[in-house]
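If you read the protein sequences in the order shown, they are chains A and B.
Just so we're aligned: 289 in this note's numbering is position 289 of the first sequence, and the numbers increase by one with no gaps anywhere.
Just so we're aligned: 229 in this note's numbering is position 229 of the second sequence, and the numbers increase by one with no gaps anywhere.
Since the hints were derived computationally from the structure, they do not count as laboratory data.
Cβ coordinates follow ideal geometry from the N, Cα and C atoms, glycine included.
Take every hint as true, because none was put in to throw you off.
Some chain B residues close to chain A (C-beta under 8 Å, calculated; not the full set):
1) Thr-46
2) Thr-118
3) Trp-135
4) Leu-145
5) Trp-177
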Amino acid sequence: MSVGVAAAATERERWPARSRQLRRGILIGLLIAGGILMMVPFFWMITTSLKTRAEVFAVSPTLLPARPRWENYVDMWNALPFAAFFVNSVKLAVLHTGGQLIRCSMAAYAFSALRFRFRGPLFGLLLVTLIIPFQVVLVPNFILFRMLPHPFSTSGNWIGTQEPLWVGAFLGGAFGTFLLRQFFLSIPRELADAARVDGANPWQIYRSIYLPLARPALATLAIFTFMWSWNDFINPIIYLRDVQSFTLTAGLSLFQGQYVGKWPLLMAGALVSVIPMIVLFVIAQRHFVRGIALTGIKG
Amino acid sequence: MTAVGGRRFGSRGGGPLGGEGRWALLFLAPTLIGLTILSAGPVLATLAISLTEWDLLRAPRLVGLDNFVQLASDDRFLKALRNTAFYTVVSVPLGMLISLFLALALNQAIRGIAWIRTAYFLPVVTSTIAVALVWQWIYSPDAGLLNQFIGLFGIPAQRWLSNPTLAMPSIVAMSVWQGLGTSIIIFLAGLQAIPGELLDAASVDGAGRWARFRNIVLPLLTPSIFFTGVLSLIDSFQVFDQIFVLSRPRPTDATITVVYFIYENGFKFFKMGYATAASWVLFLIVAVFTAIYFRSQNRWVHYQ
Numbered sequence: 001m002s003v004g005v006a007a008a009a010t011e012r013e014r015w016p017a018r019s020r021q022l023r024r025g026i027l028i029g030l031l032i033a034g035g036i037l038m039m040v041p042f043f044w045m046i047t048t049s050l051k052t053r054a055e056v057f058a059v060s061p062t063l064l065p066a067r068p069r070w071e072n073y074v075d076m077w078n079a080l081p082f083a084a085f086f087v088n089s090v091k092l093a094v095l096h097t098g099g100q101l102i103r104c105s106m107a108a109y110a111f112s113a114l115r116f117r118f119r120g121p122l123f124g125l126l127l128v129t130l131i132i133p134f135q136v137v138l139v140p141n142f143i144l145f146r147m148l149p150h151p152f153s154t155s156g157n158w159i160g161t162q163e164p165l166w167v168g169a170f171l172g173g174a175f176g177t178f179l180l181r182q183f184f185l186s187i188p189r190e191l192a193d194a195a196r197v198d199g200a201n202p203w204q205i206y207r208s209i210y211l212p213l214a215r216p217a218l219a220t221l222a223i224f225t226f227m228w229s230w231n232d233f234i235n236p237i238i239y240l241r242d243v244q245s246f247t248l249t250a251g252l253s254l255f256q257g258q259y260v261g262k263w264p265l266l267m268a269g270a271l272v273s274v275i276p277m278i279v280l281f282v283i284a285q286r287h288f289v290r291g292i293a294l295t296g297i298k299g
Numbered sequence: 001m002t003a004v005g006g007r008r009f010g011s012r013g014g015g016p017l018g019g020e021g022r023w024a025l026l027f028l029a030p031t032l033i034g035l036t037i038l039s040a041g042p043v044l045a046t047l048a049i050s051l052t053e054w055d056l057l058r059a060p061r062l063v064g065l066d067n068f069v070q071l072a073s074d075d076r077f078l079k080a081l082r083n084t085a086f087y088t089v090v091s092v093p094l095g096m097l098i099s100l101f102l103a104l105a106l107n108q109a110i111r112g113i114a115w116i117r118t119a120y121f122l123p124v125v126t127s128t129i130a131v132a133l134v135w136q137w138i139y140s141p142d143a144g145l146l147n148q149f150i151g152l153f154g155i156p157a158q159r160w161l162s163n164p165t166l167a168m169p170s171i172v173a174m175s176v177w178q179g180l181g182t183s184i185i186i187f188l189a190g191l192q193a194i195p196g197e198l199l200d201a202a203s204v205d206g207a208g209r210w211a212r213f214r215n216i217v218l219p220l221l222t223p224s225i226f227f228t229g230v231l232s233l234i235d236s237f238q239v240f241d242q243i244f245v246l247s248r249p250r251p252t253d254a255t256i257t258v259v260y261f262i263y264e265n266g267f268k269f270f271k272m273g274y275a276t277a278a279s280w281v282l283f284l285i286v287a288v289f290t291a292i293y294f295r296s297q298n299r300w301v302h303y304q
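Whole structure, please, built from the sequences with the hints as guidance.
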C-alpha cells in the first residue's frame, strides 16, 4: 500500500470513526430490539401460563400475573395424559434417532468406502427420493401399514400402533445417508488401507475407524432426527388412535380442541412441549447451526 | 467378476453386486428394502391409486382420469391451490429479504452476538404446533396481544384468523417469524466464507459500503440465496401444521392449502384415489417450479 493512499484513507476515516461507532451502536440496539421482538411469543407463552383466567381476559391486562399461578401446570398435566404424551414423544424420538444413526451410517459407509457394481445408480436413486415431497407417499404408506398384520393391535394391522412412526427409521433415510457420506468421503483412505493390511474386515473398519471419526457428523444427524421426530405432527395424527399412545404434538392438538379459550392451560401445555427442544438447542447450538448451514434441512 | 483395482475383501464370486458386493449388501440391504417399500414403490403406487376410486372398505374401482378431471372443477381444491400459491409468493421472498438483512447485521464480531443470534434461531427448533398455539392466542379476537397492541394506536380490533382477507397474511406472518432462523444461518455461513482480503482491497480502492455490498458481497452470496430459495420454495408448498392449528376447527376456503386438502380427503373422507391425484398435482407443481428455478441459476448465481 502506498503512503499516499494510506494517508488519504486515514483522513477520510478519522471523522467517520465516531459516526461509525454510533452507527454500530444503533445497529446493535436494533438487533437486540429485533431479538426481543422474536422472543415475544415465548414471553407471552410463559406469562400467560402463569395467569388466572380473569387476568387473561381483563379489560386492561397486565404484562405479568399478580401472583404466578403454578397450579395451571398441575391442572394442565392432569387434564390429559400428558405424562404419557411426554414418554411417547421421548420414546419415538429415541427410536427414530437410533434407527437413523445405525442405518444411515452403514449405508453411507457402503456408498463412500466400498466398491461394488451399481454403486452410482443406487446412490442416485437414493438422492432422487430426497426431492419427493412426503405427501406423495403419505397415502400409499398408510395403505401399506394397513395391510401389515400386527399381533397386538386392536385393528389387527399397524394402524393405531406407534410402529409406523419409527420402524421406517431403521430402513434408512436419504437425508442422513447423504449427510454422513459427505463426511465419510473426507476421511483419508490410508487409514482404512492400513487397517486392511492388518487384516481388518469392512465391518471392523466401519466400527473402529469410520464411526469414531464421524462423531461430529453423527451428533448433527442425531440432533436433527430427534428434533424432526419430536416436532412431527402429520404422521402421529394419521396413525395414532388411542389417546394414551399420542405424542406431545398430537396431544397438544387434542388439548386445543377440548380446552378452547383456556389460554393459561394451553400455554402451559405448549411450553412443556417446547422446553426439551429449547434445552437441547442451547446445549448443542453449534451442531444445529452447522447442520443447517451444511444441508439447509431443519428437520 | 471379482474385485476391480485390487480392493477385495474375501469376496469369492462377489455376489450380484460384484467387487465388495457381499459386504455392500450386508451394509445396504435394509436401506435398499426401505427405499423400495417406503419410497420408490409408493411413488409408483400413487400413480396407480390416483386412477381409482377407493375408500379402503371396498375393492378399488378403476376410474381412469376421473379424479383429475374432478379436481380441475373442485372449488375447494382450486382455493387450496390459490392459497398455497399466495403463501409461497409472499412468504418466500419476504422471509429471504428479512433474513438477508438480519444476517448482514448479525455478521459481526461483538461480545454477546451469539446470544442475540440465539433469539433469532429459537423459533426454528420449536414445534410448529406449539408455537402456532401461541400465535392463535396472540391473534385472538377478544383479548389477543395483537388487538391490544393496535388498540394503543386507536386501531379497532380485527378478526385476524377468521376474516378471509386477513387470515392467510396472518398465517404467513407466523411462518416467516418461525422460518427466519434457517435462512439466517445459511446466509451467515455464506457471509463468513467471503474472504476478508477481498473486502479490504475494495476499501483501499475507495469502494464505499454500498459498492462493496453490491459488487462483492451480493454476488458471492448468490449461491446461498439460491440455496435458501430452493428450501423455502419446497417448504412452502408443503405448509400444513400451522393451518391445522390456526384454522381450527377446519380451514375455510380462505386458508385451506393443498397438503391440508390431501390430508382431509385421504384421512377424513377416505377418498384415497382423490387424495393421491391431488398429491400428484402438487408433486408436478413442485417439480416444475423447482426445475424452472434451477434453470434460472446460471443467469444470476455466481459460483466461485
